[in-house]
Amino acid sequence: MAVAEPTQSIEEQRRWEGSLDELRGLVSERAITGETMLLNMGPHHPSTHGVLRLLLELDGEQIVTCLPDIGFLHTGIEKSIEDKSYEKAVPLTDRMDYLSPMSNNMAFSAAVEKLLDLDVPERGQIIRVICLELARCASHLVWLGTHAIDMGAMSVLLYAFRERERILGMFEMLSGQRMMSSYIRPGGVWRDVPADFLPTIKQFLNDFPAKVDDYEALLTKNPIWRDRAQGVGVIEPDVALAYGMTGPALRGSGVNWDLRKAQPYCGYETYEFNVPLGEHGDVYDRYLIRIHEFRESMKILNQAVARLETEKGPFRSENHKYCPPLRSELGQSMEAVIHHFKLWTYGYDAPDDEIYNAIESPRGEIGCYIHGTGANKPRRVHFKTPSFIHISALPVVAKGYLLADMVAIIGSVDIVLGDCDR
Amino acid sequence: MEIPAARDPVSAVREGFGEALLHVKEFRGETTIVVESGRLVDVLDFLRVSSGLVYNMLSDVSAVDYYPSDYGEAFDGDESDCRPERFGVSYHILSMLYNRRLRVKVFAAEDDPRLPTATVVWPAANWLEREIADMMGIVFEGHPDARRLLMPDDWYGHPHRRDYPLGKETVAFSFNVDEIHEHKPFARD
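Chains as they are written, first to last, in the numbering used here: chain W, 1 to 422; chain H, 1001 to 1189.
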């Protein structure tokens, strides 16, 4: 095969230099004159946690400007949902924040329930809480492992993924899928928990606290970890609020705001747990908050598992206009067959009106805006995702820190690009 | 510190802006106020700083397209709804102090959809509005960074509009690549 001739003549290179004008106003004038350096980080850089591209303007090692470039993972999920009935849109939401699909299922299902004014029975709520907290742990475990490996602590990843496997195994037990579970549906959950689920989760709850202590033993007092994390990536509370940051990134700055407490859903108000808060708003505080959230999730899970054993009601709504009847009823009831047929062919109508509903995902507030059409498909669905908001705030957070700190900052705000680009 | 008593956002806006408040709607416990797009920034800033309101956080900005006929004079739906123009843009704002949400909605016309930017009130609006400008084709006047956000810079059209087909891109093979590019002048220049 012939080797391609170099195509760029000197004239063409000059033309390329001219395109720096596109960046005028976005980077400082010093970058245009060549005094500071423009450096691309990503989209394939391993510590950008997916496909995030950052255009960095560097003065030596110091970050002057940071321009995030997103959209590499845009899959048109919102547009695709416009062509699906509500029930069939749930599997698409799995693919947004692929580290905690349960939270996305929940955000969408809760929004649909609000639009339809649909009830969810008590047992369904308890199973949802278990799923959401397990998803929080699984997501934080990935964060912990990758964040630590970004900062040079290699072994944490192996331990974190070892425990995550057990959680994914439980998801497989529930839904048949390790990650893309689509388990939480409008009106409740897909099916009841299998018989061997309770012993498995009890064993996990028994083992996991000691594992969290192990992670802490590796990192919390580790002087290298502290040197890299303390005083780095400080987010002032007013900046966090102005940029709409939520979740651990906001609580790390000491703002007490957790939707599970403030605007409870799924009966979170009946569980006892604390909301860990940071003081300094740096990378280290955000790390501590997530470690404490493991323990708080354990508290919630213990209470929820105890309730699941006593609460024996239905696991999804018995309003069969919106929720399918049990499989076992199909052989006996003509009405059940009609409902089943209607639901899986047409779906159901939702009002021609709009709602916004938000829940607390592991990363922060994930909001779902749905505008119905009066028929079986939505006019518009929009997800407000925490990663999107947090990446938009990266330029202010990263400014003035060193290039090596950028890796710590990206890790500490915990972004998922699927969540950001949708 | 004593927290001032909460005020009703609807009557506060009506008092402060009078005619600019076009419509009020309650649905599933959510309050929507529709305001004149020209006064949007003033209304949002008023809601953010006034005592008794303090909507200190912008949760979300989302746009909806009422194409083809669910707006304006052709709209024969519920009288409690107000849809004067094709594009509706909702600002979902949150008051952490009083723990409540409010939706401030404005409309943009089909011919020349233009709205003022709320970036001056909340920097969070920057990317949320950029996304809408990209996906819905609404121009936010005075926006500090009007580049496309999710779609490539040379993309033609605005995918979240209702008249943008939810089709699939034809896969280009050697035998049909020229034919495909003939219909896509934007893909190659």
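Because the hints were derived from the structure by calculation, they are not lab data.
A hint or two may mislead.
Below, simulated DSS-like cross-link-like pairs (lysine-lysine); rule was C-alpha separation at most 30 Å, straight line [claimed, not checked]:
1) W:K261 to H:K1025
2) H:K1025 to W:K299
3) W:K377 to H:K1025
Each hint, compared with the structure:
no., hint, result
1, W:K261 to H:K1025, "holds (27 Å)"
2, H:K1025 to W:K299, "violated (40 Å)"
3, W:K377 to H:K1025, "holds (22 Å)"
Checked against the numbered hints given earlier, the structure breaks only hint 2 and satisfies all the rest.
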